[in-house]
Amino acid sequence: MDFPAELRYTTEDEWVRVADGVATIGISDFAQDQLGDVVYVELPAPGRTLAAGEAFGLIESVKAVSDLFSPVSGEVIAHNDALTDQPELVNSSPYGDGWMIRVRMSDLAELDGLLTADAYRGRLPAAG
Amino acid sequence: MSTGELRRLPLRERHLAAGARMSPFAGWEMPLQYTGILAEHAAVRTDVGIFDVSHMGRVRVAAGDAGARIRAITTYDVARMRAGRAHYSLYCTPDGGIADDVMVYRLDDARWLIVHNADHAEADAARVRAAAGAAASDVGRETVMLAIQGPRALDLLAGVLADGVRAIGLRRCGELTWRGAGVFVGRTGYTGEDGVECILEPAAGGELWDACVAAGARPCGLGARDTLRLEAALPLHGHDISPETDPYAAGLGWTVTLDDGVDFIGRAALVALAEREPPRRLSCLRLLDRGVPRAGYAVRAGDVADGLGLVTLTSGAFSPTLRVGIAMAYLPAAVSAPGTRLAIAIHGRDVPAEVVARPFYRRDA
Numbered sequence: 020m021d022f023p024a025e026l027r028y029t030t031e032d033e034w035v036r037v038a039d040g041v042a043t044i045g046i047s048d049f050a051q052d053q054l055g056d057v058v059y060v061e062l063p064a065p066g067r068t069l070a071a072g073e074a075f076g077l078i079e080s081v082k083a084v085s086d087l088f089s090p091v092s093g094e095v096i097a098h099n100d101a102l103t104d105q106p107e108l109v110n111s112s113p114y115g116d117g118w119m120i121r122v123r124m125s126d127l128a129e130l131d132g133l134l135t136a137d138a139y140r141g142r143l144p145a146a147g
Numbered sequence: 004m005s006t007g008e009l010r011r012l013p014l015r016e017r018h019l020a021a022g023a024r025m026s027p028f029a030g031w032e033m034p035l036q037y038t039g040i041l042a043e044h045a046a047v048r049t050d051v052g053i054f055d056v057s058h059m060g061r062v063r064v065a066a067g068d069a070g071a072r073i074r075a076i077t078t079y080d081v082a083r084m085r086a087g088r089a090h091y092s093l094y095c096t097p098d099g100g101i102a103d104d105v106m107v108y109r110l111d112d113a114r115w116l117i118v119h120n121a122d123h124a125e126a127d128a129a130r131v132r133a134a135a136g137a138a139a140s141d142v143g144r145e146t147v148m149l150a151i152q153g154p155r156a157l158d159l160l161a162g163v164l165a166d167g168v169r170a171i172g173l174r175r176c177g178e179l180t181w182r183g184a185g186v187f188v189g190r191t192g193y194t195g196e197d198g199v200e201c202i203l204e205p206a207a208g209g210e211l212w213d214a215c216v217a218a219g220a221r222p223c224g225l226g227a228r229d230t231l232r233l234e235a236a237l238p239l240h241g242h243d244i245s246p247e248t249d250p251y252a253a254g255l256g257w258t259v260t261l262d263d264g265v266d267f268i269g270r271a272a273l274v275a276l277a278e279r280e281p282p283r284r285l286s287c288l289r290l291l292d293r294g295v296p297r298a299g300y301a302v303r304a305g306d307v308a309d310g311l312g313l314v315t316l317t318s319g320a321f322s323p324t325l326r327v328g329i330a331m332a333y334l335p336a337a338v339s340a341p342g343t344r345l346a347i348a349i350h351g352r353d354v355p356a357e358v359v360a361r362p363f364y365r366r367d368a
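For the protein sequence lines, the chains are A and B, in the order given. For the first sequence, the working numbering gives the first residue as 20, with consecutive numbering after it. For the second sequence, the working numbering gives the first residue as 4, with consecutive numbering after it.
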């Protein structure tokens with residue numbers, strides 16, 4: 020399972036990639052594997068303001084539904100339209116084409132409270 | 004008897020080696036999925052899949068009067084079945100509720116086989132023993148049960164098992180010998196697709212699993228089994244049917260024989276139920292917008308003015324074949340006609356839905 024070192028992670032299995040104050044957010048390889056085939060993703064419209072830890076959407080797989088939580092605070096400036104017709108991108112490319120929203124961060128210091136790849140991996144249940 | 008320990012399938016190691024994700028179900032540790040539910044579902048609809056369904060209860064009855072004895076505990080007049088036939092039937096409670104749904108197979112004049120749901124395997128076996136005495140034997144622990152399902156299932160089995168499998172017609176059953184082992188074959192299933200269910204001793208069962216997989220059958224888990232059966236609108240006991248629902252409300256009146264005059268458990272109550280229109284009917288709903296309906300979600304009246312009351316989904320899923328949410332619920336008769344617009348509450352959103360004819364999916368004949 021892949022956890023890119025340049026990303027930060029949450030205990031709820033989201034990831035964040037930050038560039039120029041904008042956080043791109045998705046779910047981890049572990050999360051997509053646990054969910055199984057993703058069939059529907061509900062995302063907020065641009066313009067919505069999110070607080071860190073707030074639920075911003077839903078992800079439905081064949082077998083389960085799960086809330087999506089924003090790792091950071093700020094304004095949603097984009098969501099991934101491709102997931103409307105190709106929700107399976109979350110499975111095939113969780114860190115790439117399967118991204119979910121972009122948020123203009125209101126507090127860059129929030130990044131310090133997120134997990135490194137090593138710390139995130141260390142929290143996962145042992146493979147078995 | 005529940006001990007808290009999950010029962011393990013005899014072919015467990017094969018499932019783990021094939022990448023199965025295991026999950027508890029009805030007291031068993033069962034494969035939920037291997038590579039993924041969508042791919043497994045598609046394999047059964049377009050090619051062929053194989054399921055280990057050894058959790059199902061299996062009771063043999065061997066007696067010259069077995070037909071009459073089984074008739075006394077089941078809704079369908081099984082005594083009229085000819086040798087080599089299979090028929091779906093119900094066990095009812097004395098008040099006409101559905102205690103379980105079962106498949107009855109008549110192998111020859113004196114030998115029968117009944118397949119029960121895992122949840123009720125012990126109670127059902129006791130029911131059969133009470134009716135048939137020592138002629139009944141629970142063979143669940145000494146056999147495995149494999150379902151090979153899909154449009155290519157018969158071709159695959161003709162090559163793997165024996166060409167004679169083709170002679171077993173739809174809703175029929177027979178016996179073959181393979182590598183020295185007896186194999187029961189029923190041309191039945193729980194997927195809405197053509198296929199068979201095989202019962203045989205575990206060692207030969209493992210070899211049959213391997214041979215089918217080598218011939219191209221994709222291992223499939225309970226996840227795909229559930230989406231497949233729901234597309235075919237086949238009820239799941241404990242969800243769509245239960246002791247609180249009766250055969251007529253469930254659309255299963257065709258499994259109840261009353262005109263032979265023979266008594267069976269629940270008959271008196273069913274005679275009364277048969278004389279009225281069921282106030283609610285198990286109906287099919289299809290979402291008109293995105294979302295995934297699931298069991299327990301509420302049905303909303305939508306455009307229907309009033310009188311819906313509290314209705315919750317008995318089953319719901321994303322249909323991999325139709326690419327839309329599908330569900331079943333007991334709808335009041337007034338709103339159960341196909342075309343009726345309702346809604347399903349999905350995470351705070353009322354998603355429009357439409358009543359559709361049963362089933363959602365029917366294979367090309």
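Be aware that one or more of the hints could be misleading.
Examples of chain A residues toward chain B, derived with CB under 7 Å [what the hints assert, rightly or not]:
no.	residue
1	L26
2	R36
3	V37
4	G55
5	D56
6	E73
7	Y139
8	L143
FYI, nobody ran anything at the bench for these hints, they're computed from the structure. Glycine residues also receive a C-beta, built at the ideal position from the N, C-alpha and C atoms.
To see whether the hints hold, each was checked on the structure:
1. For the restraint placing A:L26 at the interface with chain B, the shortest Cβ-Cβ distance is roughly 25 Å, beyond the 7 Å limit, so the hint is violated.
2. Here the hint on A:R36 is broken, as its CB sits about 26 Å from the closest CB of chain B, past 7 Å.
3. The restraint placing A:V37 at the interface with chain B is violated, with a minimum CB-CB distance near 29 Å, outside the 7 Å limit.
4. Taking 7 Å as the C-beta cut-off, the interface hint given for A:G55 holds, the closest approach to chain B being about 6 Å.
5. Below 7 Å, beta-carbon pairs count as interface contacts, and A:D56 has one with chain B at about 4 Å; its hint therefore holds.
6. Residue-level restraint check for A:E73 is violated (minimum Cβ-Cβ distance to chain B is 15 Å; threshold 7 Å).
7. Proximity of A:Y139 to chain B is violated relative to the hint, the smallest CB-CB distance being about 21 Å (cut-off 7 Å).
8. Given the 7 Å rule on beta carbons, the hint for A:L143 is violated: about 16 Å separates it from the nearest Cβ of chain B.
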